[in-house]
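Colleague: Take a look at the letters that make up each chain.
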Amino acid sequence: MAEENVVSLHGTWASPFSKCVELALKTKGIPFEFVEEDLRNKSPSLLKYNPVHKKVPVLVHNGKPIAESLVILEYIDETWKTGPKLLLEDPYKRAQVRFWAGYLQQHLFVTMSLVCKSDGEVQEKAIKELFEKLKTFEEGIKDLFPDGAPSIDCSNNLGLLDIVLCSQFGPHKVQEEVLGITTIDPEKNPLLFTWLKSLNELPLVKELTPPHEKLVAVLHFFRNYALKSSAA
Amino acid sequence: MADEVVLLDFWPSPFGMRLRIALAEKGVKYEYKDEDLRNKSPLLLQSNPVHKKIPVLIHNGKPVCESVIALQYIDEVWTNKPLLPSDPYLRSQARFWADFVDKKIYDIGRKTWTTKGDEQEAAKKEFIDCIKLLEVELGDKPFFGGETLGFVDVTLVPFYSWFSVYEKYGNFSIAPECPKFMAWVKRCMEKESVSKSLPDQDKVCGFVAEMRKKLGVE
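In order, the protein sequence lines correspond to chains R and D. Quick note: the first sequence, position 36, residue 36 per my numbering, numbers continuous. If you want my numbering, it's the 1-based position in the second sequence plus 232.
The shape of chain R in the complex, shown without the other chains:
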């Protein structure tokens, strides 16, 4: 019995939240249509599918929309039961993964954004905060890796935390080039550095990572726009 399974993802190529969902869909081998949204000119369908927040990403499965990237990831894991699991079965491990995924997406993302959008004293303070939070993250996740191995999934597949980390900090070399600082230092964050290195080498991740120059250009644009707006 063939079941209709039409999946589309409304997102933007530069958004780490969109990237999360792309990685999850590809990990599970789910065919989908990517709909690139212009956030300065939101499409009627985006506004229809996410009337509450009007943001990307939104997954549309057989006409039904789901918004918020972590909610989407759990939906994907629960709906497509064949293929690799994004979350392990054990409730305590799931709680830990959800905690750190939330920490990456809220606390680390906010601080990283501030580092990108500011200069002078504000940026210095944000950089200090970034390093503190990266240290907290590195210390915290050690418990998840008793063998020191990078992935928390038993197999070589991407799990939920791999996906969120990869989306947020996979392109750290882009951030380092634009900002002139080493965000993920192998000496300060050896576990994180090794983990990201092995994630970035995966064919699936390489396939979904836009060219370095394109990411550098967009980050420059974002930073200059933000600096100009705050100076005005």
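Simulated from the structure, these hints should not be mistaken for laboratory data. Treat the numbers as computed from the prediction; the structure is a model and nothing was measured. It is possible that part of the hints are untrue.
Said to hold, decoys possible - Okay, derived cross-link-like pairs now, BS3-like style, lysine-lysine, Cα gap no bigger than 30 Å in a straight line:
#1 Lys214/R to Lys197/R
#2 Lys272/D to Lys125/R
#3 Lys81/R to Lys313/D
#4 Lys258/D to Lys400/D
#5 Lys28/R to Lys48/R
#6 Lys85/R to Lys357/D
#7 Lys294/D to Lys133/R
#8 Lys435/D to Lys125/R
#9 Lys435/D to Lys85/R
#10 Lys258/D to Lys93/R
#11 Lys206/R to Lys85/R
#12 Lys125/R to Lys285/D
#13 Lys313/D to Lys418/D
#14 Lys228/R to Lys364/D
#15 Lys128/R to Lys335/D
#16 Lys336/D to Lys357/D
#17 Lys364/D to Lys400/D
Based on the hints, put chain D in the right spot on chain R.
Modeller: Here is chain D on its own, set in the frame of chain R:
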């Protein structure tokens, strides 16, 4: 093997109330520990070293932090009276609205009583708009979870204990604008798991008045 469950909490916290309701719904016995947030216990600091916040659920010595994460943990460990539905799409909607409550209700509610002037007026309007949006989501169902208390009901209803604080210092009235919401609150409060987990509005108001006096606000 007997389960050992400890809840590190602070009685006026709506986030703590969520876990009290869930544990009560599922009939889980636990030890309640009220924290003094100006003098946090070593157990709290050790159990939540990252945020140092309550609530923390400690199950057989293992801590789970962040109330929505702990709610899901409770639902996955104690599978009677499920808070989340079994259908993946309905689960995603429940998680979406719980996230909405987290992103909006606490922060905007807080602004209604901690800000003044234009900022306060904007917060009051946005708060009512959010409640109205939740009313639309509720629709004709008795609860967000359908016939019984669900995930969204548990994340949202605790804020009712703070309504008299918002109304007193915000100088506005919620009930006339949101009768459907208040009817839902009434249905929730008829459940013992909810009524026993929420402090009296007067008690919360008194706590805030004390706090404001100490901080020299007014």
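Colleague: Against each hint, give a clear statement of whether it holds in the structure.
Modeller: Against the structure, the hints come out as follows:
1. Lys214/R to Lys197/R: Measuring from Cα to Cα gives roughly 20 Å; hence the hint holds.
2. Lys272/D to Lys125/R: Holds. Lys272/D to Lys125/R sits at ~27 Å (cutoff 30 Å).
3. Lys81/R to Lys313/D: Satisfied, since the Cα-Cα distance of roughly 24 Å is no more than 30 Å.
4. Lys258/D to Lys400/D: Violated - the C-alpha atoms of Lys400/D and Lys258/D are around 35 Å apart, more than 30 Å.
5. Lys28/R to Lys48/R: Status holds; Cα separation ~27 Å.
6. Lys85/R to Lys357/D: violated (43 Å)
7. Lys294/D to Lys133/R: The given pair, whose Cα atoms are some 23 Å apart, holds under the 30 Å limit.
8. Lys435/D to Lys125/R: Answer violated: Lys435/D to Lys125/R is near 40 Å, above 30 Å.
9. Lys435/D to Lys85/R: violated (46 Å)
10. Lys258/D to Lys93/R: Holds, at about 21 Å.
11. Lys206/R to Lys85/R: Measuring from Cα to Cα gives roughly 21 Å; hence the hint holds.
12. Lys125/R to Lys285/D: Answer holds: Lys125/R to Lys285/D is near 23 Å, not above 30 Å.
13. Lys313/D to Lys418/D: holds (21 Å)
14. Lys228/R to Lys364/D: violated (38 Å)
15. Lys128/R to Lys335/D: holds (26 Å)
16. Lys336/D to Lys357/D: holds (12 Å)
17. Lys364/D to Lys400/D: holds (20 Å)
Hint compliance for this structure: hints 4, 6, 8, 9, 14 are not met, and every other hint is.
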